[in-house]
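Participant: Given next are the chains, with one letter for each unit.
Number of protein chains: 2
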Amino acid sequence: MTPAQTDTDPTQGHAARHVLSVDAMGGDKGPATVVAGLSMFLKDKPDAHAILHGPKSDMDALVTKHGIADRVTVHDTSDVVKMTDKPSHVLRHGKNTSMWSAIEAVRSKEAAVAVSCGNTGGLMAMSMLRLRKAEGVNRPAIACLWPSRNPAGFNVMLDAGADIRADQDDLLTYALMGASYARNGLDITRPRVGLLNVGTEEHKGRAELKVAHELIGNAAQIGDFDYVGFVEGGDLPSDNVDVIVTDGFTGNVALKTGEGTATLISELLRKSLLSNPMSMLGAALARGSLGRLRKRIDPRRVNGGVFLGLNQTVIKSHGSADETGVAAALHLAYRLAKIGFSDKLAARVASAASLAQDAAIHDETGSLGIGTDK
Amino acid sequence: MTPAQTDTDPTQGHAARHVLSVDAMGGDKGPATVVAGLSMFLKDKPDAHAILHGPKSDMDALVTKHGIADRVTVHDTSDVVKMTDKPSHVLRHGKNTSMWSAIEAVRSKEAAVAVSCGNTGGLMAMSMLRLRKAEGVNRPAIACLWPSRNPAGFNVMLDAGADIRADQDDLLTYALMGASYARNGLDITRPRVGLLNVGTEEHKGRAELKVAHELIGNAAQIGDFDYVGFVEGGDLPSDNVDVIVTDGFTGNVALKTGEGTATLISELLRKSLLSNPMSMLGAALARGSLGRLRKRIDPRRVNGGVFLGLNQTVIKSHGSADETGVAAALHLAYRLAKIGFSDKLAARVASAASLAQDAAIHDETGSLGIGTDK
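Just so you know, the protein sequences line up as chains A and B, in that order. In terms of my numbering, the first sequence opens at residue 1192 and continues consecutively. In terms of my numbering, the second sequence opens at residue 1192 and continues consecutively.
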């Protein structure tokens, strides 16, 4: 049974929601790791299917090796987007790549969500070209999950680096999209949204942040979120906020700073514990607890930057993801596919955008019938 | 012997270099903590003196209690800059505050370096007004120390939040000032300077960063540093770079993100180790090693943001610093005072300023509208 057949089977309803489009190429560790991750994921989700994009003979060998040939359709592609390719190059010369093919499969509705470990700039450029921006969105964003003290264990931060700037309207759109993602991806009924700044006082920060502060506050009701105002870098892991909104330059630096700090501390901790026999013994006794801690802050568990603001959903997995990381990104894709996230998000942003326009013109709050994203 | 007398004693040379100006007020923990930290510091540095700014009766009682009355001159002040005061308010109404008085003591050359735990915005505004910007500096910056894998144990990052923006010329000035600070504060003969961006490829980032990239590269020889090009958030603790240059908005977010991440991990580590008797025993055995690790990443050890680009040096200690933190900031101030850092920095920036002006005639393409997708 091919995914296309599944999609049209009347007994299955929205069956394409079980189908993920997976770019096997372009990750640092090669297609064997991607297929190993896919295999882990498929064994966990018996109703899931995948379309795998890459050179057919290699793909067939890998899926056969993992015993998942009956769950996977291979789309044969000859080219690969390299990590060093510029986005402009990718757009001009990328038609035969596995990445392009992976995006086409969601464009044609054969699959619900696309996942790639490849070049972020290339993936975003290609996704924008082929999937188009959703109505009301000027700049799409990448939303990432940030380990936090919240019950869900994570906060959402966006933009993590889709663009290098964002004006006040973009920041408003990020707030709406981030809230919708938190609701659908993390089950937070009424997400708390904060705007990243250098201080929490109203007079602080750049001019566009002060305008965005007001716009997001005004949109809280229709966006079905609570606006907590300005937050600071130290609030990224806090339990006072669920969604942190910022421009893609700041967000990208913050993300890599957080990861770099966590890596440094892990390194120093390991070195400390191996520094003498007494602490090695101590570490051995505490192994279970330290293992749970390692798991809690393992960046592989939060693998998957979600592209928000396109007509379909694309997920960027870390280029260096191992099979556990790939499987984590696929689980996130599966969850968003099952609930029909792309449609919910589009409806939310489109109706909020028209309201924002009305509000800008008439300076009054209309009562448009929305609330479609859960 | 008062500090003023010390200053003119011919046998002492630049004796004001032993004198620090300390604002006792405005920190979250009050003057008792500041004086306790001062006492720790003075006991460590027998040739150091301090001018302490605050209400005389309170100050006298505190220095007597710590037995440091003979090492401290009190300047009586009645008012305090509050953490919530806006910089504009501080400038208009701050003349009788301890902060103003602390800055006046370096302005009059009675002391070499001023230290305050107070309101950062107020301290910077007042320092700019009274000490004036050094020749060739448009925007002063705050340099902070970042725990790193380098032999010195720290990297320098600036601007940590003196301003919320920086153009290409400001970024060049930050590179020169940061290199001078690394040389004088961390003993790095030829510092390696990097420019913070969202990627290391030359085509990435905002327009002003591409211009600054060229300006800083051209200034490396005269500034006596190596330019390593663009670096990312993950490089802040790396040993590939000593000085990381960025605008004050990004730097402030990065700083607070790093601190927040470190705090979260420490919390989770503690919780993990206390989760069961076996790991508690393990933690007890590894106590020495864990203690050294804690010390290595203790934010109090890196306390002290140095204001660079003024005619004298001012150090901002964390508002929440305890006595160990205050003492750390005073040790940093002492070191910079002893080597005559203010003069060295001014000479370096002034001589490089003419070069910078020549270089700044390069194309300034304003907004190229370049995203990560182009």
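It should be emphasised that the hints constitute simulated quantities derived from the structure, not laboratory data. Misleading hints may appear alongside valid ones.
In this list, chains with the same sequence are indistinguishable; a pair is considered to hold if it fits within one copy or across any two.
The calculated lysine-lysine pairs, modelled on DSBU-like cross-linking and capped at a C-alpha distance of 35 Å, are [claimed, not checked]:
#1 Lys1300 with Lys1277
#2 Lys1486 with Lys1462
#3 Lys1277 with Lys1324
#4 Lys1234 with Lys1300
#5 Lys1401 with Lys1256
#6 Lys1462 with Lys1236
#7 Lys1486 with Lys1286
Participant: Compare the structure with each hint and give your call.
Facilitator: Okay, the hints, checked on the actual structure:
no.: 1; hint: Lys1300 with Lys1277; verdict: within (28 Å within a copy, 55 Å between copies)
no.: 2; hint: Lys1486 with Lys1462; verdict: both (18 Å within a copy, 14 Å between copies)
no.: 3; hint: Lys1277 with Lys1324; verdict: within (21 Å within a copy, 42 Å between copies)
no.: 4; hint: Lys1234 with Lys1300; verdict: within (24 Å within a copy, 74 Å between copies)
no.: 5; hint: Lys1401 with Lys1256; verdict: neither (56 Å within a copy, 48 Å between copies)
no.: 6; hint: Lys1462 with Lys1236; verdict: between (38 Å within a copy, 33 Å between copies)
no.: 7; hint: Lys1486 with Lys1286; verdict: neither (39 Å within a copy, 54 Å between copies)
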